[in-house]
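**Q** Single-letter residue listing:
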Amino acid sequence: MKNRTIKVDYLARVEGEGALYVKIKNGEVENVRLKIFEPPRFFEAFLRGRKYSEAPDITARICGICPIAYQMSAVNAVENAFGFKLDGQLRELRRLIYCGEWIESHTLHLYMLHAPDFLGYPDVVHMAKDHPAVVEKALKLKRIGNDIVKLIGGREIHPINVKIGGFYKVPHKNDLKQLREDLLWARDAALDTVKFTSTLEFPEFEQDYEFISLCHDDEYPFNDGRIKSNKGLDISVEEYDFHFIEEHVEYSHALHSKLRERDNYFLGPIARYNLNFDKLSDIAKQAAADLNLPRYINNPFKSIIVRGVETLYACDEAIRIIDNYVMPDAPSIDYKIREATGYGASEAPRGMLYHRYRIDEDGIIQDAKIVPPTSQNQKTIEKDLKYFIPPRVNLPQDKLVWQCEQAVRNYDPCISCATHFLKLHLDKED
Amino acid sequence: MENKKILVLGIGNKYRCDDGAGIAAAEMLEQMHIENFDVKTLDGEGAKIIESWNGYDDVVIIDAVKKNGSAGNIYEINANEDELKSDFFNYSSHAFGLAEAINISKVMNRLPKKLTVYGIEGKSFNFDTKLTPKIEKAAAKTAQIIKGKYSLN
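In order, the protein sequence lines correspond to chains X and G. Sequential numbering from 1 applies to the first sequence in our numbering. Sequential numbering from 1 applies to the second sequence in our numbering.
Looking at chain G on its own, in the form it has when it is part of the complex:
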């Protein structure tokens, strides 16, 4: 049975500084107790990502990204249409990560009907358990954007 709720999936590693941005944003959304959201967090391993969205039509993923823009930028990607390259999420420590999970699901027709990825551009990916202040703000802003767009509350 299809789940009518929206799956919000935060991906990252809390011990890798801004790599935890996706997790932080997802946790903020969880704290808001939005009725039509199911919030989960994962570490970015691709097979688990594919498994997690099973049964959901509408999925929102938040992950840290590294691009040559500036730290704190927020990117919105329509994963059903846009091509995703693994080096965009190059702070995933997984060889079979988010981009591969999306690309293989496209090939195997396992992609949710609607999959949107929010990428938060990180600044530091060193070993640390805290986000840098700028990225913490960006994570909060991302949570608000997602709440504004998808919440029925």
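Pulled out of the complex, with its shape left as it was, chain X reads as follows:
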């Protein structure tokens, strides 16, 4: 049967809301359209006329899952505009808070949203019936990520302690003692997580992607580095707008990102892993080696393993930062407001998040641009489905839809950075 019409109204376990429309004709995918609304557009307008210092807290509200990513890209951009960069312990604390966000976001997606796909459960509630200990462990691991965000960020929901120039308050060394103990458990749990993910079965699907992430000479990327790809891109964050363009597509409220020189690209854990493997900690590298995880991955379904590896790395990195922590003399550094445009990027759990602000001499934001990773991955998600479906076109309808949903979830699309549910319409013409 080469032409069929399948319609599914609701794609669960994707953060947010949107719609995916797939049309199959004569066994070929004629059309794939990922439709999402994009609140960054609303927030960009909302930021105009606001003070520069409000940018981290306002943009943190864009996404409940990755508020730290929004805060970090915002402070990076504003600090770039004012001509300074943090170093020393303040810089380390920003890495630490990012570790917390990676741990909680990756654990949530890996266990609660993606693992049920691989284990054949409709959702984590059903999975919990058979694997309560796994879900308990996941909840505890996630909580330790939350605890980092809460401790450094002031509170776990919409953290408020991050400011331009540093933080409002920084912890005493003793404040981190219990967290370190918990992180030792978390690191073991993350190692078990990597082992668990490596036992899963993965569909055969490999593509020639252009992977893009921040890359830093000395560290696995969170807040700093050049934007690089496996196909030769190597630019500073300030050059982003010269190389990346956003196209309006009539079926979506979101803009499609692509490289001016080439086309779509791939952000997120696999991109970071492929481009920065050598910068992982020894424990994370060893875990990958012990499980024969390839040095280079181009099967997006294996993102679940890489999320495990990055969770392990984030636990290990958090312990390193805590062990070397010396409370800074001041929670923030002084700076001068100046009229300028600032560019900032950081590695959100789902991939690179870009912010740009034009600020006037009084520190008022005149213009803002925010490009979240999910909207940058949109075109790649669509392309994946275009190539993923044809060899599977004769699968029973429910199985095909299931696999399509799973393929979308490889990207952990955080459409709450965009909007609510993702509805899947899969049309096959008879």
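Take the hints with a grain of salt, since some may be wrong.
[To be verified] DSSO-like cross-link-like pairs, simulated, lysine-lysine; straight-line CA separation at most 30 Å:
1. G:Lys114 / X:Lys379
2. G:Lys40 / X:Lys51
3. X:Lys383 / X:Lys228
4. G:Lys40 / X:Lys173
5. G:Lys141 / X:Lys140
6. X:Lys195 / G:Lys106
7. G:Lys40 / X:Lys169
8. G:Lys106 / X:Lys137
9. X:Lys163 / G:Lys14
10. G:Lys141 / G:Lys113
11. G:Lys66 / X:Lys129
12. X:Lys173 / X:Lys137
Derived from the structure by calculation, the hints contain no laboratory data.
Given the structure of chain X, go ahead and fit chain G onto it with the hints provided.
**A** Chain G alone, transformed into the frame defined by chain X:
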């Protein structure tokens, strides 16, 4: 140690118009300084909800809901007994949200002994930082209902 206070949990997104109804009602209750209430607000992510009620026997949750009734309706749900479907809270932007948190906790025996959910039916879930007037009234009414039922003041 079990906490003898009642946890009042407001859930929602203040930037999504009436999706902020639960947060607004919780904030009103916080302003009333009710002695036996601990008031918290969350954005609706399920794992954090489960974490938040840890140690409480009696929990009251307020969230915006979308049902085919009319805007401003207030629903009271006994979550220990009633089945909760995720599309009832379909303005949560989380794939693992309140309904999933409740359902998974039932499976894992982590549900508080008494869990009551108040759902405020919203009108607009567009981007806006204010509740629509009708929903603002409904949030105030919900706060009063909860105060009347649970306050020892």
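**Q** Each hint needs a verdict: does it hold in this structure or not?
**A** Each hint tested on the structure:
no.: 1; hint: G:Lys114 / X:Lys379; verdict: 46 Å, violated
no.: 2; hint: G:Lys40 / X:Lys51; verdict: 28 Å, holds
no.: 3; hint: X:Lys383 / X:Lys228; verdict: 21 Å, holds
no.: 4; hint: G:Lys40 / X:Lys173; verdict: 28 Å, holds
no.: 5; hint: G:Lys141 / X:Lys140; verdict: 36 Å, violated
no.: 6; hint: X:Lys195 / G:Lys106; verdict: 28 Å, holds
no.: 7; hint: G:Lys40 / X:Lys169; verdict: 22 Å, holds
no.: 8; hint: G:Lys106 / X:Lys137; verdict: 17 Å, holds
no.: 9; hint: X:Lys163 / G:Lys14; verdict: 21 Å, holds
no.: 10; hint: G:Lys141 / G:Lys113; verdict: 25 Å, holds
no.: 11; hint: G:Lys66 / X:Lys129; verdict: 28 Å, holds
no.: 12; hint: X:Lys173 / X:Lys137; verdict: 27 Å, holds
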